[in-house]
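Trainee: Based on the sequences and whatever the hints tell you, model everything.
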Amino acid sequence: MKFGIVVSNWNKNITDNLFDGAYNTLVKYGVKEENIKKIGVPGSFELVHGCKIMQRNNVDAVIAIGCIIKGETDHYDYICNSVSSGITQLNIINDTPIVFCVLTDHNIEQSISRSGGKHGNKGIESAVTAIKMASIK
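Residue numbers (the numbering used here): 10 to 146.
Just so you know, the hints here were simulated from the structure itself, not pulled from any lab data.
Don't take every hint at face value.
Capping the alpha-carbon separation at 30 Å, the derived lysine-lysine pairs in DSS-like fashion look like this [as the list claims (entries may be wrong)]: (1) 11 - 21; (2) 141 - 47; (3) 141 - 46; (4) 21 - 61; (5) 61 - 41; (6) 37 - 21; (7) 37 - 127; (8) 21 - 41; (9) 11 - 37; (10) 46 - 61; (11) 141 - 127; (12) 37 - 61; (13) 127 - 21; (14) 127 - 79; (15) 37 - 79; (16) 37 - 47; (17) 11 - 46; (18) 11 - 41; (19) 47 - 61; (20) 141 - 21; (21) 79 - 47; (22) 47 - 127; (23) 21 - 46; (24) 37 - 141; (25) 141 - 11; (26) 11 - 61; (27) 61 - 79; (28) 79 - 41; (29) 141 - 41; (30) 79 - 11; (31) 61 - 141; (32) 21 - 79.
Mentor: Structure below.
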């Protein structure tokens, strides 16, 4: 199987940890390193376009990795809604599944906790989900 991982560079310390969790889990489950493609995008908003491009790259599943942390304005809500809606639409219209590994946290502590801290690493969970989704195509 072949997998694509699209990673937001915004909140890079968090998304790097999520990527490492996803990548290492895919390898642990027997995916060859040359069968894992990575695209970096500037922020979580750009994940949708990156995933659309990745779906064209002959992969069996895509993992979208991002981290959106609530600030003082409504920008957080717009980005969260746009990204989740965009990825949902791509899942509806295309046959290659996209797994949502976008943290939508209220503070950096929550993000740290979910990217290798006390709540585990959501990248690991996303890789397992991607393998399962690729298997049911």
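Trainee: Taking the hints in turn, state whether each one holds.
Mentor: Okay, the hints, checked on the actual structure:
Only pairs whose Cα atoms come within 30 Å are accepted, and residue 11 paired with residue 21 is accepted, the gap being roughly 24 Å. For the suggested pair residue 141 and residue 47, the alpha carbons sit about 19 Å apart, so the restraint of at most 30 Å is met. In summary, the hint linking residue 141 to residue 46 is supported, as the alpha carbons are separated by about 18 Å, within the 30 Å threshold. Simply put, residue 21 and residue 61 have alpha-carbon atoms about 21 Å apart, close enough for the 30 Å limit, and the pair holds.
With a C-alpha separation of about 23 Å, the suggested pair residue 61 and residue 41 falls inside the 30 Å cut-off, and the hint holds. A C-alpha spacing of about 23 Å is found between residue 37 and residue 21, which places the hinted pair at or below 30 Å, so the restraint holds. Distance hint between residue 37 and residue 127 is fulfilled; the C-alpha atoms sit about 22 Å from each other, no more than 30 Å. Of the supplied pair hints, the one linking residue 21 and residue 41 holds, its CA atoms being roughly 25 Å apart against a limit of 30 Å.
With a C-alpha separation of about 14 Å, the suggested pairing of residue 11 with residue 37 holds against the 30 Å cut-off. With a C-alpha separation of about 14 Å, the suggested pairing of residue 46 with residue 61 holds against the 30 Å cut-off. In summary, the hint linking residue 141 to residue 127 is supported, as the alpha carbons are separated by about 25 Å, within the 30 Å threshold. Using a Cα cut-off of 30 Å, the hinted pair residue 37 and residue 61 holds, with the two alpha carbons roughly 26 Å apart.
Simply put, residue 127 and residue 21 have alpha-carbon atoms about 19 Å apart, close enough for the 30 Å limit, and the pair holds. For the suggested pair residue 127 and residue 79, the alpha carbons sit about 20 Å apart, so the restraint of at most 30 Å is met. Our distance criterion of 30 Å between C-alpha atoms is broken by residue 37 and residue 79, whose separation comes to about 33 Å. Of the pairs offered as hints, the one joining residue 37 and residue 47 holds, with about 17 Å between alpha carbons and a cut-off of 30 Å not exceeded.
A distance of roughly 8 Å separates the Cα atoms of residue 11 and residue 46; the hinted pair therefore holds under the 30 Å criterion. A threshold of 30 Å between alpha carbons decides the hint, and for residue 11 with residue 41 the separation of about 8 Å falls inside it, so the pair holds. About 13 Å separates the Cα atoms of residue 47 and residue 61, which keeps this hinted pair within 30 Å; it holds. Straight-line distance between C-alpha atoms of residue 141 and residue 21 comes to about 27 Å, which keeps the hinted pair within the 30 Å bound.
Between the alpha carbons of residue 79 and residue 47 the distance comes to roughly 26 Å, so the proposed pair stays at or under 30 Å and holds. Of the supplied pair hints, the one linking residue 47 and residue 127 holds, its CA atoms being roughly 27 Å apart against a limit of 30 Å. Among the hinted pairs, residue 21 with residue 46 is consistent with the structure: their alpha-carbon atoms are about 18 Å apart, no more than 30 Å. For the hint linking residue 37 to residue 141, the alpha-carbon distance of about 14 Å falls within 30 Å, and the restraint holds.
In summary, the hint linking residue 141 to residue 11 is supported, as the alpha carbons are separated by about 13 Å, within the 30 Å threshold. Proximity of residue 11 to residue 61 is assessed by CA-CA distance (about 16 Å); at most 30 Å being required, the pair is judged to hold. A C-alpha spacing of about 26 Å is found between residue 61 and residue 79, which places the hinted pair at or below 30 Å, so the restraint holds. In summary, the hint linking residue 79 to residue 41 is not supported, as the alpha carbons are separated by about 36 Å, beyond the 30 Å threshold.
In summary, the hint linking residue 141 to residue 41 is supported, as the alpha carbons are separated by about 17 Å, within the 30 Å threshold. With a C-alpha separation of about 34 Å, the suggested pair residue 79 and residue 11 falls outside the 30 Å cut-off, and the hint is violated. For the proposed pair residue 61 and residue 141, the alpha carbon gap of about 20 Å is at most 30 Å, so the pair holds. For a cut-off of 30 Å, the pair hint linking residue 21 to residue 79 stands: about 16 Å separates their Cα positions.
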